[in-house]
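Residue numbers (full-length UniProt numbering), protein chains in the order written: chain S, 1 to 260; chain R, 1 to 284.
As a list, the in silico DMTMM-like pairs of lysine to aspartate or glutamate whose alpha-carbon atoms are at most 20 angstroms apart: (1) K190(R) - E113(S); (2) K187(S) - D177(S); (3) K69(R) - D237(R); (4) K69(R) - D239(R); (5) K190(R) - E103(S); (6) K56(R) - D239(R); (7) K190(R) - E172(R); (8) K190(R) - D130(S); (9) K187(S) - E35(S); (10) K187(S) - E155(S); (11) K190(R) - D134(S); (12) K187(S) - D225(S).
Just so you know, the hints here were simulated from the structure itself, not pulled from any lab data.
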Amino acid sequence: MASFVEFDQVTKAFDTGDGVMTAVDEMSFDLDRGEFLAIVGPSGCGKSTLLLALAGLTQPTTGQVRVAGRPILEPYTDLGIVFQGAELLPWRTALQNVMLQAEIRRGSKRESEARARELLAQVGLGGFEDRYPDELSGGMQQRVSLCRALLHDPEILVMDEPFGALDALTRDQIQIDLQHLWMERRKTVVFVTHSIDEAVFLADRVLVFSPRPARIAADFRVSLDRPRHLSARATPEFAGLVGEIREVFENLGVLTEERT
Amino acid sequence: MTSTDQRKKPATASTGTRARRRRPLRSRIADGVLPLILVVVIVAVWQAMVSFGGVKEYVLPAPGAVVKKMFSDFGTFADQSVPTIIAIFVGFALAIVVALPIAVAMVYSSVVRRAVYPLLIVAQVVPKVAIAPLFIIWFGFGQLPKVLMVALICFFPVVIDSMVGFRAARPESLMLVRSMGASRWQAFWKVRWPWAVPSIFAGVKVGITLAVVGAVVAEFVGADTGLGVLLITARGDMDSLTVFASVAWLTVIGAVLFGVVELLERVLVPRRGGRRSFEASGSL
Ligand SMILES: Nc1ncnc2c1ncn2[C@@H]1O[C@H](COP(=O)(O)OP(=O)(O)O)[C@@H](O)[C@H]1O
Ligand SMILES: [Mg+2]
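Taking the hints into account, I'd like the entire structure generated from these sequences.
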């Protein structure tokens with residue numbers, strides 16, 4: 001049986017002013033249903049482009065992305081997205097921002113609102129429903145954004161460097177929260193990050209991309225037990241994996257992997 | 001779940017931000033009182049020049065006399081205001097009705113944008129009031145040339161600021177709603193429009209002040225009724241008092257219209273956190 005998500009020879013070229021620039025070149029990989037995949041790779045190697053192709057927000061120049069065997073030819077709606085910036089609408093409260101998802105989908109307002117409140121409470125934002133984004137910290141905003149992405153209980157969650165702008169402590173906490181939410185739902189997640197630690201901590205599998213045009217330089221399975229605790233990062237297995245991934249980057253000539 | 005992140009009690013967070021926003025009462029009173037003092041000083045100097053400086057009434061009438069004139073001839077001023085105000089209203093409405101769809105078209109179609117935008121920029125440099133005589137030749141001395149003059153002069157700030165506004169939405173926000181399955185219509189009303197409104201109002205506010213200028217200029221050049229006509233006729237008679245009173249009434253009209261727009265903005269512009277509106281971007 002074919003995998004749940006298939007990237008099949010996906011190529012994306014951009015027509016820049018002076019010539020064609022290939023951002024992604026014949027990239028192929030598969031994801032199982034319920035798999036938590038992390039992608040690490042240098043800036044500009046085409047990670048965001050791949051995510052947008054999966055979401056159907058951009059079309060590959062050649063090749064195909066398929067979900068459950070069906071090619072993605074238009075925006076794929078059974079999916080939630082979290083960008084690096086929380087992308088909250090500043091004139092809506094936290095709750096209203098989460099509810100945008102339901103309004104666009106024209107779902108039952110009462111049910112969705114109950115769900116939205118429950119999700120917000122689950123990420124520690126109970127009592128903050130009526131706050132406007134500029135009254136929330138960066139970490140809180142990103143939690144709201146996560147709730148919005150999960151409101152419709154999508155099959156796939158796409159996260160593009162979602163915690164990249166957060167400070168270290170906030171980031172630790174939100175990683176734990178995300179793991180919690182994911183373990184309850186076991187959705188398929190594609191999580192792009194610059195942090196090797198974050199990738200290993202969260203994912204079942206880590207893909208390492210080479211510089212543009214990206215190739216898959218390595219494909220690691222992470223078999224640490226769940227729920228993973230922050231202390232897991234001190235274990236030899238964890239450190240070993242992180243070291244291996246770092247080595248891949250060194251061999252690729254990518255000097256620093258923690259690029260921003 | 002416990003957290004290391006700022007999960008303050010809502011109440012504390014709220015009083016904190018609210019308190020920071022409100023400036024001390026004394027400083028807010030000063031904001032109102034200081035300009036008022038300046039006005040009083042200017043009027044006093046003006047009155048003194050007329051009373052003790054020997055300035056002739058036909059050169060500079062006393063402020064008191066101007067105010068008296070404004071109300072003693074109220075009937076005339078009111079009669080002449082009506083066509084001026086109508087021209088302002090209709091012309092202004094016309095400008096908005098034409099400008100908004102063009103701004104939207106420029107945002108959604110790169111062909112339209114590339115065709116129209118350079119023309120708009122060039123046209124901004126053309127002194128619109130210089131076209132007024134042409135309008136008189138084409139459309140006569142009635143209301144039509146006035147309305148068109150007003151529309152023309154308001155059009156540019158409104159169309160340019162609206163376009164800036166409609167492009168202000170973040171691409172990520174638009175991608176998010178598309179991935180929720182939003183139609184173009186929904187994406188427009190839920191995301192583009194609210195982002196645009198503050199900028200549209202910035203253009204409209206510039207437009208409404210220009211509208212008064214447009215109407216008066218058109219009346220100067222040639223019209224049968226209007227405050228501008230009254231003013232230009234009074235000048236012919238060396239009747240400075242009527243000139244001043246007309247200017248005063250035009251100022252009142254301009255201020256009231258501006259106030260109405262501000263009020264409308266307050267009602268329509270969605271709350272964005274503590275601030276009422278975003279930095280107004282765009283022309284002027
Ligand atoms: N819409 C676009 N037009 C032109 N070039 C683009 C566009 N989107 C991305 N690119 C280019 O494609 C490359 C890959 O971009 P991206 O997928 O955002 O990389 P990453 O997310 O890995 O940092 C970059 O060099 C970027 O400049
Ligand atoms: Mg990216």
